[in-house]
Every structure is written in structure tokens, then in C-alpha cells.
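A.B. asks: Based on the provided sequences and hints, a complete structural model is requested.
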Amino acid sequence: MNSAQPQEAVRLVEVTKIYRMPRGSVKALDRVNLSISAGDFISIMGPSGSGKSTLLNIIGCLDVPTSGEVFIAGKNVSKLSESGRTRIRREKIGFVFQQFNLIPTLTALENIAFPMLLRGERRHEEKSRALLRAVGLSEELGEHKPAELSGGEQQRVAIARALANDPEIILADEPTGNLDTKTSREIMGLLKALNERGKTIVVVTHDPLVASLTRKTLRMLDGRILSDGGATTDGGETDSGATERKTQTF
Amino acid sequence: MRAVFLRFALRNLARHKFRSTLAVVGIVIGVIAISSLGILGNSIKLSFSEAFSAVGNELVVHPKSESTISEKVLREVERASGAGSEVIPVRQRTELVDFGAEKKPVVVYGLRSEDIPLLLELEEGRLLKRGSSNCLLGSEIAEEHDLNVGERLRVGTQELRIAGILKERGLGFDINPDYAVVVEAEAFVRLFNASHSAEGYNFLIVRVNRLKDVERVKSAIESRLNKREKRVSVLDLKRLMESFNEAFAKISTFLLGIGAVSLLVAGVSILNVMMMSVVERTKEIGIMRAIGTSRAGVLRMFLYESLLLGFAGSAIGGVLSFGGGFLILSFWMQQTSYLLAPSSILCIFFGIAFGIATSVLSGLYPAWRASTLNPIEALRHE
Numbered sequence: 001m002n003s004a005q006p007q008e009a010v011r012l013v014e015v016t017k018i019y020r021m022p023r024g025s026v027k028a029l030d031r032v033n034l035s036i037s038a039g040d041f042i043s044i045m046g047p048s049g050s051g052k053s054t055l056l057n058i059i060g061c062l063d064v065p066t067s068g069e070v071f072i073a074g075k076n077v078s079k080l081s082e083s084g085r086t087r088i089r090r091e092k093i094g095f096v097f098q099q100f101n102l103i104p105t106l107t108a109l110e111n112i113a114f115p116m117l118l119r120g121e122r123r124h125e126e127k128s129r130a131l132l133r134a135v136g137l138s139e140e141l142g143e144h145k146p147a148e149l150s151g152g153e154q155q156r157v158a159i160a161r162a163l164a165n166d167p168e169i170i171l172a173d174e175p176t177g178n179l180d181t182k183t184s185r186e187i188m189g190l191l192k193a194l195n196e197r198g199k200t201i202v203v204v205t206h207d208p209l210v211a212s213l214t215r216k217t218l219r220m221l222d223g224r225i226l227s228d229g230g231a232t233t234d235g236g237e238t239d240s241g242a243t244e245r246k247t248q249t250f
Numbered sequence: 251m252r253a254v255f256l257r258f259a260l261r262n263l264a265r266h267k268f269r270s271t272l273a274v275v276g277i278v279i280g281v282i283a284i285s286s287l288g289i290l291g292n293s294i295k296l297s298f299s300e301a302f303s304a305v306g307n308e309l310v311v312h313p314k315s316e317s318t319i320s321e322k323v324l325r326e327v328e329r330a331s332g333a334g335s336e337v338i339p340v341r342q343r344t345e346l347v348d349f350g351a352e353k354k355p356v357v358v359y360g361l362r363s364e365d366i367p368l369l370l371e372l373e374e375g376r377l378l379k380r381g382s383s384n385c386l387l388g389s390e391i392a393e394e395h396d397l398n399v400g401e402r403l404r405v406g407t408q409e410l411r412i413a414g415i416l417k418e419r420g421l422g423f424d425i426n427p428d429y430a431v432v433v434e435a436e437a438f439v440r441l442f443n444a445s446h447s448a449e450g451y452n453f454l455i456v457r458v459n460r461l462k463d464v465e466r467v468k469s470a471i472e473s474r475l476n477k478r479e480k481r482v483s484v485l486d487l488k489r490l491m492e493s494f495n496e497a498f499a500k501i502s503t504f505l506l507g508i509g510a511v512s513l514l515v516a517g518v519s520i521l522n523v524m525m526m527s528v529v530e531r532t533k534e535i536g537i538m539r540a541i542g543t544s545r546a547g548v549l550r551m552f553l554y555e556s557l558l559l560g561f562a563g564s565a566i567g568g569v570l571s572f573g574g575g576f577l578i579l580s581f582w583m584q585q586t587s588y589l590l591a592p593s594s595i596l597c598i599f600f601g602i603a604f605g606i607a608t609s610v611l612s613g614l615y616p617a618w619r620a621s622t623l624n625p626i627e628a629l630r631h632e
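In order, the protein sequence lines correspond to chains A and B. Here the first sequence is numbered in the working numbering, starting from 1 and rising by one per residue. Here the second sequence is numbered in the working numbering, starting from 251 and rising by one per residue.
None of these hints come from the bench; they were simulated from the model. Every residue gets a Cβ at the ideal spot worked out from N, C-alpha and C, and that includes glycine. Some hints here could point you the wrong way.
[Stated by the list, open to error] Lysine to any residue pairs mimicking SDA-like chemistry, simulated, CA-CA at most 25 Å apart:
(1) A/145 to B/350
(2) B/533 to A/196
(3) B/533 to A/106
(4) B/533 to A/38
(5) B/533 to A/8
(6) A/145 to B/266
[What the hints assert, rightly or not] Listing some non-contacts, in silico: residues in chain A with all C-beta distances to chain B over 12 Å:
(7) 82
(8) 89
(9) 91
(10) 115
(11) 119
(12) 148
(13) 153
(14) 164
(15) 168
(16) 171
(17) 181
(18) 183
(19) 216
C.D. replies: Pasting the structure below:
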């Protein structure tokens, strides 16, 4: 538990997260152990309140565990300061959100360039144009504000933004939640292509179809990760039970 | 990296043009208020110190133990003051003057004929010879009652011929001849002998030739005359000027305080605008934080916004302050000659600096709030 293996992108050791609420505490994560190897493409499923988003936030260094340790690319991030975690988010992690979460005052290209500007990247303009093309958008869409783009286009821009600083890990929280089936498939195809080029991708989803497009699915319930595959036997508590278990083990 | 936050700040201000404009207007008004009132205070001070500037090297000696100053005390003061000073004894009383249509009490000064040119200048006519029963008339009194050289004026029980009209002298701590009648010393005793006030002098003016000797002459007079009992009090006009200047500084501060209140209100309005901006953009702040913007970056972005509002408002306010200063001066002082005095311009710079400082200070709290938002909660915000 002291050092993570180099090919491990994410490692969680006995991670517990307790939220203190006015009416008592809520245990969002309960001694979660998890290892995600570099280059993996996994989905996390589970009912609302099962702890999926908390897990993603902790992996993404947006949140800190109440106890336990978190390693990102071999580095223990659970003891990092706020600015240390900000740096990890900027350089090691790319976020994709359900609501796209582009900055409305910036054009698509500026949104893509933003994380590069935070890092002081000089070649941000040509790099963001290249990313725009890489996610399958035409150059002229780059000058549009997010409100002038369709949902699918916005999510492509968001993925390009997530790739801006060439992070090792892409975390996607319900990336297709606001998209129709056809666009969802396109977005998942894009993520799959990124995975094939070596990115580690973690997708939180409600949608069994989306989960089926990943290489592996984890199921969560009451703050715990159910043993892989076996989760489907839990009766009506999980979404649909239709999740396929794909190859590979950890 | 800095430039990106500055650009951001500009865009966010442009997004709410009306609101930003109102915030700028608030600062503009505050800066104009503080500058114009500062200019007013400064101009009052300048006009007073100009009126009094001639008398900085004078001491005024008043009787303390007795009601008047005797000939003997005069000699002692002359000896104490030494060769570098001139001692001018002054007699003064108030007489009812008959202007025909009305009778009014007017101050009458009795001055030795040789001293008159030291203190007074003629507008027209001629000065008084020794023993002359004529009189000189102050400029204001002559103008007000349309009196001319050669005419006669009834002062108390005496009828005096007007030998000359004096130039305007302005306010003084020694004598104020503009609204007074001046009579030769011997004639003063003769004409107003009935009262004992003619026996001695009412006060002495000691004119010290060199300004730096004023202190020394003052203490020489005091140590010589007030050794056993306090016979005279010596008023140092330089010192008096200084305390007047202090008083004017207080007036200026008070006026600036009024201006500062309006700037404070402007500051509160910026605070309000910025708080609204933080609340509205909570989600955006969450996004920025999530994708790796540091707290310092968010803080800077919001500080830039209030700084831009402050700069714009203060610059416009600074320019308009010349107009504001002009208006307030023409309204209060009926003259605007002090508007472009260096110390007035300084007031405008002060107003500008205060405007910028106010906006930065009122931007600090919202910026701090924005930077310390929890990114997860901010992301959830709609």
C-alpha cells in the first residue's frame, strides 16, 4: 500500500468519505479499494447516492477522502494541499461533465485553450485548433460560443478541453446524460478512440448501453464497490442488470 | 496567464454593461465629490492665507494688567524690540457715524502721521499731516455710502473732512481699515478726549523687519515687560497663521470626509455588483477550478474586475472633477482662480487614488469568496 506500481493510473486504498450533514453524517464511500491500470477504459454504474460521483471526485482531486489514501500515476495525492491538487487537476486529469460545463463567455477554441493558458503554454492556438479537429469539429465552429453549438458539439469541445494539457486520465461524469442515443454513441466512440491511443478513461453512467461500450464495468452500492460482475446478481437494487462484463480483470 | 484573467474580467464586465456602468457612475460621483470638496477646502484656505500673507512678520501687543498701554510701556516695548523693528502704537474706539440716511457704529483708528504710510496705502486724496483734523476713509465704507474726498463726515460729535480714501487691505489681525475711519493720533486725543480710552494706546503693532527674528523679538518683549507681572500679551501673527492653517486643514478634512462618504456608497455598490457577479458565476467558478484554475487565479480575475471598474470610474471622475470644482467654487466663493492651483490639482489626484483604493477594497471580499468556493458545490450550482 506504500507505493503504487508504475502501470497503475489510479489506486485507492481503504478510502472512506463521510459527509457531515445537519441531520447526521452520510457515508458516501466505505473503505473502497480500487486499482485502475494505465490505459484502462472502465465504467462505474450504480443507483443515485451509491457514491459514484464521490468516487470520481476523489479520483479527480476535486475532493479529499475522510480517510484512506489515493494515488494518481503513482503519486500519493491524499496529503496534497489545495494548490497541489489544483495542479494535478490541471496537468494529470481531464474532466468531461454531463452538462458539458463550457465557459459561456469563451468561444469553443478559447475553451479548449483555457487549461493551456493556465499552464502558460505558448502554442495554445495551434494546439487547440488541432484538438478541435481531433474531436471531429470543423474550424469555423471554433469561433462559436457554446450556446451556439449543439449538445454533441459542446461535448466534443469539452473532450478537446479535457485533452488540452495531455493528461493521463480522463474522468467523465455521465458524459452522455444530456445527449440522444446516436450522439451518445459518437461521443463514446470518441472516448474509445482516445483510450486506444493510451488514455485511461473512467466513465460514470446510468446508461447500460454506455457501460457496454467500455472494457470493464464496476458496480457501486451504498458506498462500496461490489465485486466485479457479481454485482448483477444483486436483484432490483442496481439499474437494470443488463451490464455486460467485458474481458480483462484486475 | 495573467492576461487571460484580465481578458476574462473585461468580458465579464461587458456582459453586464448596464450594471457595470452604474458601478462606474458611482465611483465617478464619489471621485468628483471628494475632489471638488477638496478643491473647495483648499481654495478657502488659499484665499485666506493670501489675505493674511502680508502680516506674517507682525506682533500685536495688547495690554494685560491695565486697559490701555501707557507711553512708558510703549518705550519699553520699543527698547525690547531693538533696532530691527518698528513699533506702531494704535488707538482705537467705536463711534457712531452719521451717514445721513442712517447712523452706524464704526471703528475709528488713531495713528501717528509718520506710521500711517507703514500700514496703509491711498487710493485717492492725501495722507494726514501731524495734528490734522481730517480723516481717511476705508475703501468699503466709502463705496457703500458713496463718500468722496473733500466731503464731510460726522463722527461722534465731530465733523471731519475726508482727506483720502484708502486702498482695500483685506482682513487683518492687527487693524481692519476697510470699514473704518482713520484719524491722526493727536487729533484722536483731541477729538475723543472725553473718554479715558484716549489716554493710552489700545495696542501696539511691532513690525519685525526679518521674519526669522519674530520669535526672538516676541520673547524679548515678554521677558522685559512680563517679568514681575503680566503687563502685556504678545500675539504672534505667524503663530496665529499657523493655527488658522490648522483650522483650515480641519475644514478641508471635514469636506473630504463628506466626499469620502459618497465614495463609500460607491464602494458598497461595487461590493454589491461583485457579489452578484460571484453568485451568478458560481458554476463557472466551479468549472474553472475543476479544470485546474488556482484559487489565486480566481481571486485575481475578480480583483481585476473591480480594479477595472475603479480605474474607469476614477479616470472619468478625475477629468470631470475640474468641472465639479469649477461649479462648487463659482457657487461658494464666486471666484474660480484657485481651481488650477497645484494644491487643487493634488486634490484631484487624491480623489482618483481614493476611488481606485475604494474599488479594490470593495472587490477584495467578493474575490475572496469566489476563490474559496468549494469546486464541487460550485459545479452543482445552477
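A.B. asks: Take the hints in turn and mark each one as holding or not.
C.D. replies: Hints versus structure:
no.	hint	verdict
1	A/145 to B/350	violated (88 Å)
2	B/533 to A/196	violated (32 Å)
3	B/533 to A/106	holds (15 Å)
4	B/533 to A/38	violated (31 Å)
5	B/533 to A/8	violated (32 Å)
6	A/145 to B/266	holds (17 Å)
7	82	violated (7 Å)
8	89	violated (5 Å)
9	91	violated (7 Å)
10	115	violated (5 Å)
11	119	violated (8 Å)
12	148	holds (16 Å)
13	153	holds (17 Å)
14	164	violated (8 Å)
15	168	holds (14 Å)
16	171	violated (10 Å)
17	181	holds (26 Å)
18	183	holds (21 Å)
19	216	holds (25 Å)
In summary, the structure is inconsistent with hints 1, 2, 4, 5, 7, 8, 9, 10, 11, 14 and 16 from the numbered list given earlier, while agreeing with the others.
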